[in-house]
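Chemist: Given the sequences, and given the hints that come with them, work out the whole structure.
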Amino acid sequence: MPDHTVKAYDEELGSLKKMVAHMGGLAEEQLANAIAAISRPDTRLADQVIAHDEKLDVMEQQIEEKAILTIAKRQPMAHDLRQIIVTIRIAADLERIGDLAKNTAKRTHAITEQMPRKLISGLARMGGLAQEQLKNILDAYAHSDASKAMEVWRSDEEIDALYNSIFRELLTYMMEDPRMIGPCTHLLFGTKNMERIGDHTTNIAENIYYLVHGRTIAEARPKKDATSLTPIATKSKD
Amino acid sequence: MDVSLPKRPASAKRPHILEERPIKITARDVNVYYGEKHAIKHLSIDIPDRAVSAFIGPSGCGKSTFLRTINRMNDTIPGCRVEGEVLVDGENIYDPRLDVVQLRARVGMVFQKPNPFPKSIFENVAYGPRIHGMARSKTDLEEIVVNSLKKASLFEEVKDRMGHSGTSLSGGQQQRLCIARAIAVNPEIILMDEPCSALDPIASARIEELIDEIQKNYCIIIVTHSMQQAARVSQLTAFFHLGDLVEVGDTDEMFTRPKDPRTQDYITGRFG
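Keeping their order, the protein sequence lines are chains R and C. Each residue of the first sequence is one higher than the one before, counting from 5 in the working numbering. Each residue of the second sequence is one higher than the one before, counting from 698 in the working numbering.
What the hints contain is simulated information worked out from the structure, not anything from laboratory work. The structure displayed is predicted, hence computed values, not measured ones. Each hint should be verified, as a subset may be incorrect.
[Unchecked claim] Below, a list of computed lysine-lysine pairs in the DSS-like style, where the Cα atoms sit at most 30 Å apart: (1) R:Lys-77 with C:Lys-835; (2) R:Lys-110 with R:Lys-196; (3) C:Lys-956 with R:Lys-21; (4) R:Lys-77 with R:Lys-59; (5) R:Lys-122 with R:Lys-196; (6) R:Lys-152 with R:Lys-22; (7) R:Lys-122 with R:Lys-59; (8) C:Lys-956 with R:Lys-70; (9) C:Lys-956 with R:Lys-11; (10) C:Lys-710 with C:Lys-856; (11) C:Lys-738 with C:Lys-816; (12) C:Lys-738 with C:Lys-710; (13) C:Lys-913 with C:Lys-810; (14) R:Lys-22 with C:Lys-835; (15) C:Lys-956 with R:Lys-77; (16) R:Lys-152 with C:Lys-710; (17) R:Lys-122 with R:Lys-70; (18) R:Lys-152 with C:Lys-734; (19) R:Lys-11 with R:Lys-21; (20) C:Lys-816 with C:Lys-835; (21) R:Lys-22 with R:Lys-70; (22) C:Lys-734 with C:Lys-810; (23) R:Lys-70 with R:Lys-59; (24) R:Lys-152 with R:Lys-21.
Modeler: Here's what the structure looks like:
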């Protein structure tokens with residue numbers, strides 16, 4: 005696409021894109037640290053994640069302000085307009101991803117050393133998948149690559165499938181040993197957070213698709229999170 | 698909140714507005730030449746009635762030329778030649794038997810700069826109906842003038858000074874006077890050639906408001922250099938470039954996801 009006649013307009017759009025890329029980098033870092041903190045567990049790192057979340061909040065606000073100012077000044081049309089709207093939406097998703105990372109990090113304090121490693125590794129595995137999704141979607145955004153975004157969109161299924169199996173596993177532990185209910189519940193929330201992060205990356209994927217094609221995705225996203233349909237059987241006393 | 702899914706298929710080729718409204722004007726393979734210069738090339742388009750259509754494009758793209766073929770104003774330009782068919786309600790307006798004066802009563806025009814006659818406000822509006830013999834009595838004529846001024850949202854501002862000269866009004870009022878003058882002869886089509894480019898934003902907004910109000914009764918075509926204005930007032934947008942009609946479509950589509958890269962470049966301010 006050729007440049008705008010007004011160069012400052014190109015600069016404004018370019019700097020918005022840079023701000024989102026920067027915010028994305030920070031969200032990735034927060035997510036990686038949150039996963040590391042809860043799997044070690046490392047409460048100091050967890051506290052750092054909690055403290056840094058504010059940065060993401062501030063960045064979202066800055067992106068929103070700049071986007072609104074650009075709309076007011078330039079009255080963007082077509083692709084430019086979509087680019088600005090998508091910037092605002094992606095910043096909101098990244099901010100939510102930051103919140104979920106922070107929430108996961110917070111739970112480090114509640115997870116004790118005696119927690120079986122195997123249980124924590126499930127969360128770490130999901131976290132790894134979510135991280136990969138986030139990295140790929142930010143790459144797709146940087147290159148306005150709708151087909152790469154669609155790959156991410158489709159692969160959210162994997163996270164959902166893993167979440168289902170971890171959900172069942174944690175349930176089994178809780179049923180066997182009531183003392184595990186506390187820490188397992190925290191882990192359950194932690195994995196749910198990863199699953200939600202996956203959903204936010206698919207939102208971003210949908211926005212990239214919209215940015216490139218000017219239309220929303222017609223096909224419905226494959227959704228494999230079945231945990232809300234899983235009955236929780238408790239043993240009845242005879 | 699009532700949420701309904703869009704009815705139209707995403708890939709509809711024909712503008713949706715043409716399904717909703719009857720077609721008023723049809724151009725088929727129209728070519729316009731100014732001497733050697735080929736100003737409009739093989740243009741074909743359908744324009745809906747009771748709606749606003751906007752023509753956009755860089756200067757010299759042919760949009761005003763095409764506008765002037767619709768009331769045969771190009772006839773007055775020496776060396777100008779029009780080929781092809783322009784149908785209004787199915788009737789070819791370039792048919793040699795057609796009465797051009799009658800045609801121009803059906804097709805009103807408003808120009809870039811307000812051009813009231815150097816006569817009173819009343820006379821400015823009464824002139825057309827009088828020469829077309831539309832009023833049988835003085836009361837008839839007064840009624841036409843008052844109604845036209847009301848439709849043009851000017852009546853309240855001028856009712857106490859109908860005898861004052863039209864040129865004593867402000868620019869925005871003069872433009873509304875010209876619209877009242879166009880409306881007075883009961884036209885079917887109103888052509889507007891950049892009607893707001895000489896007006897301040899408030900006067901422009903009043904003209905846009907007026908266009909909104911009257912569009913349900915007329916076929917309105919507006920040539921504008923303001924993309925935002927085209928996006929705001931029209932339902933159909935046609936983009937012209939170097940004498941070609943590049944793209945025509947529903948306005949909401951044209952300004953959010955134009956199909957042709959030239960349209961995209963123009964409306965986003967990327968034209969070199």
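Chemist: Compare the structure with each hint and give your call.
Modeler: Hint check:
This hinted pair does not check out: R:Lys-77 and C:Lys-835 have alpha carbons roughly 52 Å apart, beyond 30 Å. Of the supplied pair hints, the one linking R:Lys-110 and R:Lys-196 holds, its CA atoms being roughly 14 Å apart against a limit of 30 Å. Of the pairs offered as hints, the one joining C:Lys-956 and R:Lys-21 holds, with about 24 Å between alpha carbons and a cut-off of 30 Å not exceeded. Under the criterion of a C-alpha separation no larger than 30 Å, the hint pairing R:Lys-77 with R:Lys-59 is consistent with the structure, at around 27 Å.
A distance of roughly 17 Å separates the Cα atoms of R:Lys-122 and R:Lys-196; the hinted pair therefore holds under the 30 Å criterion. Between R:Lys-152 and R:Lys-22, the direct Cα distance comes to roughly 19 Å. Compliance with the 30 Å bound is thereby established for this hinted pair. For the hint linking R:Lys-122 to R:Lys-59, the alpha-carbon distance of about 33 Å lies beyond 30 Å, and the restraint is violated. For the given pair, C:Lys-956 sits about 28 Å from R:Lys-70 by alpha-carbon distance, which is consistent with the 30 Å threshold.
Restraint check for C:Lys-956 and R:Lys-11: the C-alpha separation of about 24 Å stays at or below 30 Å, so the hint holds. For the given pair, C:Lys-710 sits about 48 Å from C:Lys-856 by alpha-carbon distance, which is inconsistent with the 30 Å threshold. For the given pair, C:Lys-738 sits about 41 Å from C:Lys-816 by alpha-carbon distance, which is inconsistent with the 30 Å threshold. About 21 Å separates the Cα atoms of C:Lys-738 and C:Lys-710, which keeps this hinted pair within 30 Å; it holds.
This hinted pair checks out: C:Lys-913 and C:Lys-810 have alpha carbons roughly 25 Å apart, not beyond 30 Å. With a CA separation close to 70 Å, the supplied pair R:Lys-22 and C:Lys-835 exceeds the 30 Å bound. Distance hint between C:Lys-956 and R:Lys-77 is fulfilled; the C-alpha atoms sit about 25 Å from each other, no more than 30 Å. Annotation: proposed proximity of R:Lys-152 to C:Lys-710 holds, straight-line Cα distance about 29 Å (limit 30 Å).
Proposed proximity of R:Lys-122 and R:Lys-70 is contradicted: the alpha carbons are some 46 Å apart, above 30 Å. The straight-line distance between the Cα atoms of R:Lys-152 and C:Lys-734 is roughly 48 Å, outside the 30 Å bound, and the hint therefore fails. With a CA separation close to 16 Å, the supplied pair R:Lys-11 and R:Lys-21 stays within the 30 Å bound. The hinted pair formed by C:Lys-816 and C:Lys-835 meets the criterion: a straight-line CA distance of about 18 Å does not exceed 30 Å.
For a cut-off of 30 Å, the pair hint linking R:Lys-22 to R:Lys-70 stands: about 12 Å separates their Cα positions. Among the hinted pairs, C:Lys-734 with C:Lys-810 is consistent with the structure: their alpha-carbon atoms are about 26 Å apart, no more than 30 Å. For the hint pairing R:Lys-70 with R:Lys-59, the CA-to-CA distance comes to about 16 Å; that is within 30 Å, so the pair holds. Under the criterion of a C-alpha separation no larger than 30 Å, the hint pairing R:Lys-152 with R:Lys-21 is consistent with the structure, at around 18 Å.
Against the hints set out earlier in the document, violations occur for numbers 1, 7, 10, 11, 14, 17, 18.
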